[in-house]
Amino acid sequence: MAGATTTVRMVVNGEAREGAAEGRTTLVEFLRETLRLTGAHIGCDTSQCGACVVHMDGVSVKACSVLAHEADGAEIRTIEGMAEADGSLGVIQRAFREHHALQCGFCTPGMVMSAADLLARNAAPTGAEVRDWLEGNICRCTGYHNIVKAILAAAAEMRGEATAAE
Amino acid sequence: MPKDDVIGGAMKRREDLRFLKGKGRYVDDMNRPGQAYVYFLRSPVAHATIAKLDIAAAAAAPGVVRILTAADFEAFGGVPCGWQVTDKDGQPMKEPKHPILAEGKVRHVGDPICGVIATSLAEARDAAEMIEVEFGELPAVIDMPSATTSGVAVHDEAPDNVCYDWEFGDKAAAETAFSGAARIVSLELTNNRLAPNPMEPRCAIGEYDDSGDQHTLYTTSQNPHVIRLLMGAFVLGLPEHKLRVVAPDVGGGFGSKIYHYAEEAFVTHAAKVVGRPVKWTADRSEAFISDAHGRDHVTKAELALDAEGHFLGLRVDSQANMGAYLSTFAPSIPTWLHGTLLAGQYRTPAIFIRMRAMFTNTVPVDAYRGAGRPEATYLLERLVEQAGRETGLGPVEIRRRNFIGKDQFPYDTPVAVTYDTGDFDATMDKALEIADFAGFPARQAEAKARGKLRGVGFSSYIEACGIAPSSLVGALGARAGLYEAATIRVNPTGSVTVFTGSHSHGQGHETTFAQVVADQLGLPADSIEIVHGDTANVPFGMGTYGSRSLAVGGSAIVKAVDKIVDKSKKIAAHLLEAAETDIVFEDGMFKVAGTDKAKAFAEVSLAAYVPHQYPIEELEPGLEETAFYDPKNFTYPAGTYIAEVEVDPGTGEVTLMSLAAADDFGKVVNPMIVEGQVHGGLAQGVGQAVLEHAIYDESGQLLTGSYMDYAMPRAADLPDFLVDHSCQTPCTHNPLGAKGCGEAGAIGSPPAVVNAVLDALGPLGVKTIDMPLTPNRVWAAISAAGGAAAASAGAAASMAASTPANLATGVGTPAEPAAEPVAAPASAAAAAPAPVSVSPEATTIRATHLRVRPSEPRVQPAALKVRPAAPRVRRGL
Amino acid sequence: MYAFDYDKPADLAGALAALKAEDAKALAGGQSLIPTLKQRLAQPSTLVDLKGLPELQGVSVDAASVTIGAAARHAAVAEHAEVVKAIPALAALAGKIGDPQVRNRGSLGGSLANNDPSACYPSAALALGATIKTDRREIGADAFFQGLYETALEEDELIVSVSFPIPEAAGYAKFVQPASRFALTAVFVAKFAAGVRVAVTGAGESGVFRHAALEQALTASFAPQAVEGVAVSADGLIEDLHGTPAYRANLIKVMAGRATAEALG
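Quick note, the sequences are listed as chains A, B and C, same order.
Residues in the first sequence are numbered consecutively from 2, following the working numbering.
Residues in the second sequence are numbered consecutively from 66, following the working numbering.
Residues in the third sequence are numbered consecutively from 436, following the working numbering.
Read the hints as simulated data drawn from the structure, not as lab findings.
Just to be clear, a hint being listed does not mean it is correct.
[Said to hold, decoys possible] 25 Å max Cα-Cα, derived DSS-like pairs, lysine-lysine:
(1) A/K150 to B/K662
(2) B/K88 to A/K150
(3) C/K455 to C/K568
(4) B/K697 to B/K662
Given only the sequences and the hints, what does the whole structure look like? Please build it.
This is the structure in structure tokens:
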């Protein structure tokens, strides 16, 4: 009979975590229901909306399309791990607030995680590059205008050119 | 740096901190102790009798707690409708029952048949596959124009599938106007059906505490009090004091979370039946077939003009899709929220509309961002643009010639509403400026050199927000009042807690409302907390929709603040030993006019709660006030939008190059939030114009049932927007002077975009086209107009020869191309439906229309569950 | 998803052994398979994870060809400096698959084995005349793709690597289906000394295919204008919500022209 439940171990936001998972348990289910990290959301079932984006071994993935067992031994970073050590917002988070890049907040964790992956690869993206990169993240509230602005501002701050927030 | 926590300040949002840290509190983030999960078995067919339902095997499956069927809800009411529209003959609309679970008959794909409650969602879903349902399939009613003559009734109460046949306006005056017209401009068009798609799918948790006979429902709602009233009074028979409804953080709504849905009643009742909390979370595919859809009109519209291009009359004959059941506000959308806006920004003296609402075997249709006003604006602004083209006056002059002048307010339109303020020339001027309209010819020439067809399109919209007053809407058929409520609780040390009946699901009320109170009380926003979303602690209010929160909910807050200030003055007068009439309230201080004697706000509040020195004979202790605000009129935001597009003649692809929006929202509290609201509305409007379409095939399967086929606007589909709200004619009848900004973008933008594409394609001979402007549809329009060869000169490749049959699709056809006439019932199959036995493994819902693209060939034959209906040919571009 | 077991063998031999189990199924990047499983359209007993198999890793480039391990992620191919230099159109194609998160997980082997009629990679493999190396043999691309989701692979056969001959020039033009972001129709054009090969994806009812008339025209004259006189039939093309066969026929021609322009830089 298929469907064994076994232990999965991963480092989440710098902390070793483990829990039981069936073969069919997705990473986002494991994070939300087992580890109770509910920042990553589930907005679709066809791997398109990107509300569940987290980092796995340093790159952004859709946690709804990764099995928990595939992440066994991996380093996972979620929105809960994006703030500074003192609890203040990180650069991208701060830029999102400063530029009103979120409304209902549901897509936001995935947007921030996706943006972080982009800026790790491309320190100085153009607006068009930001828009292309966000192909896998759907926002229904903002029309993306301010999300693009925020990511460009965060990139500038990370390059030391300006600050994303006063 | 100036203070930003006042009216007019771009204060950063307070709610952002939790959202950005992943600490939002959405319903699906909650798990209640001992919670079970429900999976709904939904109809895979559009129209059928339920010949047999056998749950025995499923009930015995691992983890199953209980399976509830329609029989378990026999004692209860159906999902109620909140608005009764009266037919042109004075008869009430047809209002068939909308059961919680299908009673003997399913009427749309997705209609819930039973709910399987199990200890895990996976077990519930596994068990649902063991349920055996035998359907007696009936022909589906999908196409509206043929619904009256199809001979198939969605409901026995409406044999011709007409819910109501409504007329509004002055028919005779309109006919006179048309008979004397120098020119008549006419259009047949469709307003495409949309799926609202807030990013958070709906979710509900029911909980029951038998020690106090207390029910709690956690739900993704825009208006928890409305849900408590509708579900408590009309469905489950629960009095308010035994039912608490909580809508915590909600991930967008756009209308689709206004309504009371069957799943809410199910989990509330089920929690009591099984003695443990019951949770339901929709997945996206389920949302597509269970959330109310929006729009879906088929329209014929005509505009009569005199020889100088003045509008004389407007006639509209439309059909609106209600879907299979009447959703909460559905009947009001094509009527009172649509017909009353047909004057637009113009002085058209005679207007008449006939609107027939149709039942079909599709998901219910209700308000979606704009709700009736986008449909009115679309037909009107398409007509006006065409009139500008046909008269040679052009898009600007035809509008200016007919605008209501800024000195004509208040203006009584011939469609029963009175606009209080506006300055339509000002927003037109501003739009022309920010769009750099003067530079368009140069941009068009540059595009031509690149082989692209560039066009510009206009839309001058007006809409109505904050639907009111209650006495009027009651006369029009509303079964509820439309006021809003607020309670201001000044705490002993001077901090303030505001309880609002409005609900924030992205609008930023925790910020904007705090600004309003901070401004009025002269306090820092940090000392003000906004509480919403829980019937246990907020006053009875109507929630958030129709861009009403600031104009109505914010006004209720201002009224409550006024009461606080009035009482505080009395207390201050006592403390300062002065006459109440000498007390002035400035910058958070109660001062005796003309002296330096003053008491701070916190000193007064402390005195109210520690009434040692207090006018206790005349005044109660404490400082807490509630206000209910019922507006005198709607508010009327208006503006002009200008879109520029480029069409690739080789592929038909439409690229939105720029979109300029000049809006008059009256007084603005937080410009940052207002702009964000406009951006979001624009994106949804562009989505309707270019990308989005909920398409049913003739058998009633939703072909666009997932993000694989329903095209949501993405970042790269949109440009940076050009928005301006500096034209401000404050609303004259609410204390904030605010009009409402939440829906304008979605109302004003679709005709601007379509008009721009028609401008680009006009030289090729394309006269009209329906939304959405998909590449195939645009290419087909170009080809059908015979413009292909000319258009593609300069492009990388010319058009392939194409057969006419493939080109006609979507061009100038008023009806949904996908919707073929329903098979006449004369066929034996229809008259005596053959039961279609759905075997256990075939009861998995949505297997065929939820097409996840990459199916695996080796497993497909065994595991793919094919619905036993006619093979589908996907059509309908 | 239906319940299944998860297995992560250490090497190719272990994977082949694991796949012998009844209803066992290979899991590559999972970007197509997992959404499919979520819809309960498949019911494997065990998923055998191939991503870590050492035999399936690596990218190597020599004078004649680019060889890519089956487990190579789309993002890795798109960003691989040597691939970008040797066959820029191939790297560009990999950089256009799905979205960034799909590209961070999805793999070459998974894409080819799945042979989705709207996937990008099959068109590159077919147009470039790639050789698909499996655990037991080598299969030429012309023989590999056998119809909708059908390939020459046997039930338990695994792709190990794929070798793409380096063309004189190549270009890929993709017209995106606006919802799914798969190809509504896309064309890969590759010019070799022996002639031009043109592969079309997203359009054919039987999946990816070569277009003889376009190949002939572009072999005669490798220029965008060369496609203009070519008659592209709508027969056998997909009809769905997003495009009629006639529209797809038009797109084949337009995209072939644009891919050629791309190839010419």
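Cross-check of the supplied hints:
no. : hint             : result
1   : A/K150 to B/K662 : violated (49 Å)
2   : B/K88 to A/K150  : holds (23 Å)
3   : C/K455 to C/K568 : holds (20 Å)
4   : B/K697 to B/K662 : violated (39 Å)
Checked against the numbered hints above, the structure breaks hints 1 and 4 and satisfies the rest.
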